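**Q** Going down the list, the sequences are from chains A, B and C. The opening position of the first sequence corresponds to residue 1 in my numbering, with each subsequent residue numbered one higher. The opening position of the second sequence corresponds to residue 1001 in my numbering, with each subsequent residue numbered one higher. The opening position of the third sequence corresponds to residue 2001 in my numbering, with each subsequent residue numbered one higher.
Take these hints with a grain of salt, some might be off.
To be verified - Lysine-lysine pairs mimicking DSS-like chemistry, simulated, CA-CA at most 30 Å apart: (1) B:LYS1143 - C:LYS2055; (2) B:LYS1281 - B:LYS1239; (3) C:LYS2279 - B:LYS1262; (4) C:LYS2055 - B:LYS1085; (5) B:LYS1202 - C:LYS2055; (6) B:LYS1263 - C:LYS2047; (7) C:LYS2142 - B:LYS1147; (8) C:LYS2142 - B:LYS1239; (9) C:LYS2279 - A:LYS92; (10) B:LYS1203 - B:LYS1141; (11) B:LYS1202 - B:LYS1143; (12) B:LYS1147 - B:LYS1085.
Hints are computed from structural coordinates only; laboratory data are not their basis. This structure is a prediction, so every number in the text was calculated from the model and none was measured.
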Amino acid sequence: MNTFMRWAGFVVVLFIAAPLVIVVPMSFSNASSLQFPPPGYWLGYYRAYFTSVDWLIPTWNSILIATATTILTMALVVPATFALVRHKFRGKGFADLMMLMPMAVPHIVMAVGYYSYFGDLGLVHSHLGVILAHTCLSVPIAFLVLSANLKGFDRNLERAAQSLGASPAKTFLHVTLPILRPGLVISSLFAFIQSFDETVVAIFISGRDAETLPRKMFDSIRQEADPVIAVISTLLFFVVLIGIAAPYFASALRSRAPKPSRPAGAH
Amino acid sequence: MTGMKTFLMPDRRRFLKTAGAAITASLAAPYVVRAQERILYVNTWGGPWEAAAKTHLIDPFTAETGIQVKTVSPVSFAKLAQQVKTGTYEFDVTTLGGGELVRANQAGIIEDLKEPYKGGLFENGVASHAFATVMAWRTDKYKETPKTWADFWNVEKFPGGRSLQRYASRVIPIALLADGVAVKDLYPLDVDRAFKSLDKIKKHIRVWWTAGAQSTQILRDGEVDMIGIWHGRYFEAEKAGAPVAMTWNQGEIERAYWVVAKKTPNLENARKFVEFATSAKPLAGFSKAADYGALNPASNQFVTAEDAKRMPTSPDNYKLTFEQNMANFGIDPAELAERFEEWVAS
Amino acid sequence: MGMSLSKLTEKTNIWPWLLLAPLGIYMLIFFVVPLAEVAIMSFTEPKVSLANYQKVLTGALYQRVFLNTFMTAAFVTLCCLLVGYPLAYLMAHSKPRTAMLILLLVTMSFWTSFLVRTYSWMVLLGNNGPLIAFLQMMGVDKPPQLLFTRFSSTLAMVHILAPYMIMNIYTVMKKIDPALIRSAESLGARGWSLFRHVYLPLTAPGIANGSVLVFVICLGFYVTPVLLGSPREQMIAGLIGHQIEEFLAFGLGSAMAIILLVVTLIILTIYHRRFGLDKLWG
Chain A
1 MNTFMRWAGF VVVLFIAAPL VIVVPMSFSN ASSLQFPPPG YWLGYYRAYF TSVDWLIPTW
61 NSILIATATT ILTMALVVPA TFALVRHKFR GKGFADLMML MPMAVPHIVM AVGYYSYFGD
121 LGLVHSHLGV ILAHTCLSVP IAFLVLSANL KGFDRNLERA AQSLGASPAK TFLHVTLPIL
181 RPGLVISSLF AFIQSFDETV VAIFISGRDA ETLPRKMFDS IRQEADPVIA VISTLLFFVV
241 LIGIAAPYFA SALRSRAPKP SRPAGAH
Chain B
1001 MTGMKTFLMP DRRRFLKTAG AAITASLAAP YVVRAQERIL YVNTWGGPWE AAAKTHLIDP
1061 FTAETGIQVK TVSPVSFAKL AQQVKTGTYE FDVTTLGGGE LVRANQAGII EDLKEPYKGG
1121 LFENGVASHA FATVMAWRTD KYKETPKTWA DFWNVEKFPG GRSLQRYASR VIPIALLADG
1181 VAVKDLYPLD VDRAFKSLDK IKKHIRVWWT AGAQSTQILR DGEVDMIGIW HGRYFEAEKA
1241 GAPVAMTWNQ GEIERAYWVV AKKTPNLENA RKFVEFATSA KPLAGFSKAA DYGALNPASN
1301 QFVTAEDAKR MPTSPDNYKL TFEQNMANFG IDPAELAERF EEWVAS
Chain C
2001 MGMSLSKLTE KTNIWPWLLL APLGIYMLIF FVVPLAEVAI MSFTEPKVSL ANYQKVLTGA
2061 LYQRVFLNTF MTAAFVTLCC LLVGYPLAYL MAHSKPRTAM LILLLVTMSF WTSFLVRTYS
2121 WMVLLGNNGP LIAFLQMMGV DKPPQLLFTR FSSTLAMVHI LAPYMIMNIY TVMKKIDPAL
2181 IRSAESLGAR GWSLFRHVYL PLTAPGIANG SVLVFVICLG FYVTPVLLGS PREQMIAGLI
2241 GHQIEEFLAF GLGSAMAIIL LVVTLIILTI YHRRFGLDKL WG
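Model the full assembly from the supplied sequences, consistent with the hints where possible.
**A** Okay, here's the thing in structure tokens:
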């Protein structure tokens, strides 16, 4: 049983890894088609990506929209999370559930709604429209991360600060926020990624002027399988790799390094 | 180790500065573009189509009138209808085939236009050029040469994956020809018979292509072995060095029309563009570049016999082909499109 | 002399509402209203009637697409389980270093945009791709068409959704007390029977969690089936998109969307009653 599971496990590793890795050699291919192994290698499609307004503008749009979405999401979610985690009131269960609802509704359903609703409001094809929609979709994930953090928060620290004479505002600023910082950073990051990767709603509402990168990629894959997609995929692959590996790597470095022994008199 | 540290954590101030610049640029980009007075947006099929239009229609138009033009692709009938509904315009001018033109004019989603040259106006679209849907195939797959749409349907003799455009009014006549209907008896279309014929090929159609570039890609990459494809797109696959061949025989000629989106804020400039794009010399240049047959007779003086060889309208090619007859179509194209879509999905 | 923060937060009742208000209003305007608009359109477009629902619930095409969507989602869930279980097991029972590497890989996959992964499968399964080349090398004369079939879209969806399953099962496996297994062994349980009667039941909550999540996401999947699948085997989301983009059939599309929504919510409600919705993603 054990051996069987292990072998099956290794086959699955291959299944998971292959599609992640294959885009890297593809991005250096000089073929105009989806040929693998590539007939030759060059950097032409990298040049094409970094010089083409058709790709750079959607990239910028995506970064811009994701950034604005993150800010808006956090501005709304942080106070709400405090309310929901630290207070008991009637209707709290319902409010908790509502926070998660956008995650439960299939994106295609929201896309239909936004397409029609934002059409009426004149918000389709605008950055603002996409930001407003993405914020809704980012709320649940930001809330989940943040509320988990806040639940684990030791409130005695705040009480201690206040007993030492700190005002509530000061306590919040100098005690609560710094302790919550990792949680805030991670939930912002999740909100950002949620928006940056969101495809279905963007396909329907981002239009000509606010075209996001996923929408552009979707259109391009559907129409012509443009090899530039391999370049973007590779870049995204490395962004994710660095993002995930960096913390591991840093902690590995730290644990392997000899304990800093400060020579006497060095300070 | 210090080197590694700076690699992982770049100097924060420099990072913020670059990020700031990028955000400002991206914030500004769309508005810089929008601020330029009233850009005309033209909807195109992308790829070589757009390249030819840019050189011969768009750039000369801008040079002559000073009106900036940008392009959006691909052509989408639904977008045209949608933007009239919402009042948010993605493009002002687009190009339609005959079937869609009739649908669009019925639905009242295109502006009235004037006839720019004699016989040039049909259902509020200005006739621009003729293109053909032809049969093409992989020569590495078939030793024998398929000749007719009946061969396309003959999967015993020519086994392999097929592809056609997901476009009802273009596919139906082809299905009838494959079923043995003679060209002279095609119109009005016997739609029921056409669907029976389509039933036979259905499970071999691996891709219903929806964009020109996609048809080139799947033929070039061998994702399908035989395809009904626009002649211009076929030449592109040939130019890319793919082992492919085509025949003009039973090629289906259609006319492409320029139309203007109803109630566009750019109406005057849009009309100007359509007039310019169908005037003798620009149209001739465009047609030569993209191998289309110009429909404005005045353009022919600029087209040599040599140029015309790869055009569907050259005498040698034209006699092998047939032309779509929208006037005697036999069914409402909108109704046909709906039935076809249900059929495709089932 | 400020009132202490704790007093403020515990005694006064207006605070939570003040803190909740901005988000509440926002969600009302940009979440509830658009959803309501979908519901309204399903009854009113093009005219007030139940015609859209009648068409969607009785039309052969729609019934087939709904059925296909369910079968696909169920099949994908099963495949994710078959793929995810051994991998989670490998992670939970390997040396820390191996386990961490696999965890890294799964996390990578999870965070890689599913458009990228969809594109990768296009490369892998294409006629000029490595899989076909491999088959030809093995002497398969006429390799089957892989791309643009039910096979390709299913495979890609399994790949995209497997991390959800793996993470859920892994978390549960990690918590299993090895002493429990040892004591079962000392009582004579071995091999298959140990697995079936001890290990599998212990991991059941993870399986349930992962399956619900995968199934529900798969029901509403749009991008991958549209890009990799065949139009004959559309899923419901793809058909909704097509109705709206090609035919502007907002009423019909909305009716399908509402049915999809209701089904999803029913599944999640059952889940919520038993386990609590916040457990699902966390």
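**Q** Which of the stated hints cannot be reconciled with the structure, identified by number in ascending sequence?
**A** Result: hints 1, 3 and 12 break, sorted rising.
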